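Novice: Here is what each chain is made of, one letter per residue.
Number of protein chains: 2
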Amino acid sequence: MKPFLGPVLVILAQWARLSLGQGYPFTAEQERNANRTLSVGYVVYHGYTILDVFGPLQFLSDLSWPFNITLSIIAKEAGPVHSRPPPHHGPDGSEMDMSKMVDAQIVATHTFETAPALDIIIVTGGVGDLTLMEQKDRSIEDFIASRFDKTEYVLSVCSGVGFLARAGVLEGRSATATKSVWGYVTNFGKNVTWVPSARWVRDGKVWTSSGVSAGMDMMVAFLRHVYGDPVVNKSVNGVEYAAVVDPNWDPFSVVHKVPGANMSIPMQGLVGPLKEYP
Amino acid sequence: MKPFLGPVLVILAQWARLSLGQGYPFTAEQERNANRTLSVGYVVYHGYTILDVFGPLQFLSDLSWPFNITLSIIAKEAGPVHSRPPPHHGPDGSEMDMSKMVDAQIVATHTFETAPALDIIIVTGGVGDLTLMEQKDRSIEDFIASRFDKTEYVLSVCSGVGFLARAGVLEGRSATATKSVWGYVTNFGKNVTWVPSARWVRDGKVWTSSGVSAGMDMMVAFLRHVYGDPVVNKSVNGVEYAAVVDPNWDPFSVVHKVPGANMSIPMQGLVGPLKEYP
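Line order of the protein sequences matches chains R and G. Residue numbering for the first sequence follows our numbering, starting at 586 and increasing by one per position. Residue numbering for the second sequence follows our numbering, starting at 586 and increasing by one per position.
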C-alpha cells in the first residue's frame, strides 16, 4: 500500500491530540464547550435552500472530529426532505410550479415530536416557507417557541429568520435577514430591530445571518465564539474557506437596495486565511 | 393572504423572462447551452466531503430555474450515501474509526451502470477515497475513463482530482488539487502538470479546483463560461456569495506549505458582488 500523507480529517485528529492553542485565552464558555457534547438540531422543510444547510454543516462536521457534536435533522416528518420548492403562489398570485428544478434531498432524522434535547438550533431559509404559510402550517414556529428557552444558541440563515420572528422569539432583539427579499422577511415579528447592512448579527444567544452564503461566515464566527480561534481557524483553513470576518461588511445590502443600507460600505471586502496558532 | 414580495427564485424566474444581458456578447457555446438541457452527473461515495457537493450544487440548483438542467447523483449503489468516513487506515497504518462524526446523507439516484448520458461530470473529494483505494475499488475511475470522451465538461473538487488522475484522463493536462493534502493527491497520474498555486485550473474541458470551498469559486467561473455573465452574476449575487474570481489567488497554498507555491500572492484577496447587467 502506498504511504498516505493523510486527508484533512486525519490532520484534524492530530490537532485534537496536540491541544492547539496552549496559552490561548479560552473563555470559560469555550473550555466548557470543548469538554462536553453539543447537540445540534437543524430545522428543515421541503423547499429548503441547499447552501443554508450544507454550508454551515461543513464546518460543524469538521469540528465533530476534534470535539463532540451530535446532529439531528428535524422536520415535520422523518425521511427525505427536498430542496426543490413545493407548489406555491408567486407575488402576483399565480401558481408557481418549480418542479423543473434540480433536487437535493436531505434525510430528516427526527420530527418536532421526537427531537432530542438541543443545545443549538439552526433554522434554514428557503422558498418552502411560502408554501408553509399558505397552508397556515405553524409547526416550525411552535417548535421554536417551545424550545427557545431551553436552547443555548439559536441561529438562522437567510429567510429562516422569518420563522424566529413569527415564533415571537425576536421581540426586543436585533436581527438581520437575506437582502434579496428584505421587505418580505422583515414584515414578520414585533418590536424587532432589523439591521439593514450586516453579514450577520449576534444578539445574546440569537445569531441571524444574511442570505444563503452569509450563513457560512456566521457559522465560522459562531464556532470561534463557541470553541475559540485555535482549532476553528485551522479547520476553516483546512477547507480553504476565505471567510468574511467583519459582520458589518454587507455590499449585498447595497446591491439589493435595502432601505437604510450603509452606502459607505466598501463594495469589495478583504478575505483570506484565518490566523493560525501553534 | 399577505402580499408576497417574493423569494429569490421568483426573481430568478423574472430574469429568465426578461432575457438579461441583451446586447451582451454571448459566445456561441453560451447561446447553445442556454437553449438545451444540460445533464449533470455528480459522482459521490461514502466519506464524501459535504461542501464539495453542496457548495457547487447551490449554484447549479439556482440556474436550473432559468435554464434547463437535470441532475443525477451517481454512486456505486443507489440510495443514501454518507459523508461520515467509513473505516480506513491513517498515515501510520492505524485503523481510523471516525464514526463519532456527524453525518449528512445524499441520496444517489443512479449507479455507474444506470447513469444517463451526461454533459457534465463533477467528481467530489473526500476521505472516503482512502477506503476505496484500500479495497482496490476502481469503479469510479472506470466510470470516468468510460465516459470522459463523451462528456463535454469534467470537473473535480478538492481530492476528487485523484480519481481523474488515476483514471488516466489528466495525462498531458494541467490540474490543481486541495492544498491541505497536496503531496498525497499529486502522487497520482502520469504526465500531469500540477499547478501548486491556483484556486482552480481550467485545461480545455477539464476544470479542477483546490480544496473544498474552492469548488464554489470554480463553479461560479465555470457557469459564467457555460452560460455567460448576465444571468449567472445576478444569481450569485442573489445568494450573496462573494466569489473569488482570480484563479491564481491561492494563499492556502502558502498556508499549507505547498512546494513551488507562489509566495508573492497577496494573502488577503478582494471579493464582492459580481457585475450585474441590465
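Derived from the structure by calculation, the hints contain no laboratory data. Heads up, some of the hints might be wrong.
Since the list can't tell identical chains apart, any single copy or any two copies may satisfy a pair.
[What the hints assert, rightly or not] The calculated SDA-like cross-link candidates involving lysine to any residue, where the alpha carbons are at most 25 Å apart (straight line), are:
1) K685 <-> N833
2) K661 <-> E614
3) K860 <-> T716
4) K842 <-> V830
5) K685 <-> P701
Treat the numbers as computed from the prediction; the structure is a model and nothing was measured.
Novice: Which of the listed hints are not met by the structure?
Specialist: Structure breaks hints 1, 2 and 3.
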